[in-house]
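As they're listed, the protein sequences go chains A and B. Each residue of the first sequence is one higher than the one before, counting from 590 in my numbering. Each residue of the second sequence is one higher than the one before, counting from 590 in my numbering.
Hint data in this document are derived by calculation from the structure and do not stem from the laboratory. Mixed in with the good hints there might be a few duds.
Said to hold, decoys possible - Some chain A residues well away from chain B (every beta-carbon gap over 12 Å; in silico):
| hint | residue |
| --- | --- |
| 1 | L602 |
| 2 | D644 |
| 3 | P646 |
| 4 | Y675 |
| 5 | H697 |
Unchecked claim - One-sided and incomplete, this derived list gives chain A residues near chain B with beta-carbon spacing under 10 Å:
| hint | residue |
| --- | --- |
| 6 | E611 |
| 7 | T669 |
| 8 | F687 |
Heads up, the beta-carbon is just placed ideally off N, CA and C, and yes, glycines get one too.
Protein chains: 2
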Amino acid sequence: MTLEQQGAMKTDLHHPTTDEIELTDVLHALSDPLRLELVRILDECGEERTCGTFDLPIAKSTATHHWRVLRECGVVASRTDGTRKYQRLRRADLDARFPGLLDTILAHR
Amino acid sequence: MTLEQQGAMKTDLHHPTTDEIELTDVLHALSDPLRLELVRILDECGEERTCGTFDLPIAKSTATHHWRVLRECGVVASRTDGTRKYQRLRRADLDARFPGLLDTILAHR
Numbered sequence: 590m591t592l593e594q595q596g597a598m599k600t601d602l603h604h605p606t607t608d609e610i611e612l613t614d615v616l617h618a619l620s621d622p623l624r625l626e627l628v629r630i631l632d633e634c635g636e637e638r639t640c641g642t643f644d645l646p647i648a649k650s651t652a653t654h655h656w657r658v659l660r661e662c663g664v665v666a667s668r669t670d671g672t673r674k675y676q677r678l679r680r681a682d683l684d685a686r687f688p689g690l691l692d693t694i695l696a697h698r
Numbered sequence: 590m591t592l593e594q595q596g597a598m599k600t601d602l603h604h605p606t607t608d609e610i611e612l613t614d615v616l617h618a619l620s621d622p623l624r625l626e627l628v629r630i631l632d633e634c635g636e637e638r639t640c641g642t643f644d645l646p647i648a649k650s651t652a653t654h655h656w657r658v659l660r661e662c663g664v665v666a667s668r669t670d671g672t673r674k675y676q677r678l679r680r681a682d683l684d685a686r687f688p689g690l691l692d693t694i695l696a697h698r
């Protein structure tokens, strides 16, 4: 388990370990245009971000669903701090599990 | 339009042109384990193959659904010849539209 994962697991939300991340789950998560855009934003940001700063044109419940899909397949790490929820791209874990995959997908539009 | 596409379009089935192929549609098509396996088989085969030779552990109607998803998003070209249906990976079109994407995905399991 990497330090990155240990940090993620301090929350009570389930996060798959690096070895548990499945290729088809990641492809499914990134196959939704909105989720792919969220991942692009997180990747450009380079650090964790609070959900409120994404300025999404969707209902909060819809956003919650998309963040859950991204977390459960291992693409993002989520944590809560009081009423704030933070999201972070699991870049190191994804690059370790599927070298080149995220870069290749994000290179295209 | 490439020669590859012109060949595909001799059938009455709809095939998107190379420019119409969408990244998220391709990711969705490959996010199903069975469809990803079909694409792996076609890629290793290197040429078109009749549907009957895939020895799938699924109902024919299910296979038909998966081939349709793969065709409609531009991953395979389908044609019928009498009672036979042929499938071919649109490798050149995919590589032209999203360089490196298919190779990177197929490199991982």
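Hints, one by one, checked against the model:
no.: 1; hint: L602; verdict: holds, 22 Å
no.: 2; hint: D644; verdict: holds, 21 Å
no.: 3; hint: P646; verdict: holds, 17 Å
no.: 4; hint: Y675; verdict: holds, 26 Å
no.: 5; hint: H697; verdict: violated, 5 Å
no.: 6; hint: E611; verdict: holds, 9 Å
no.: 7; hint: T669; verdict: violated, 28 Å
no.: 8; hint: F687; verdict: holds, 5 Å
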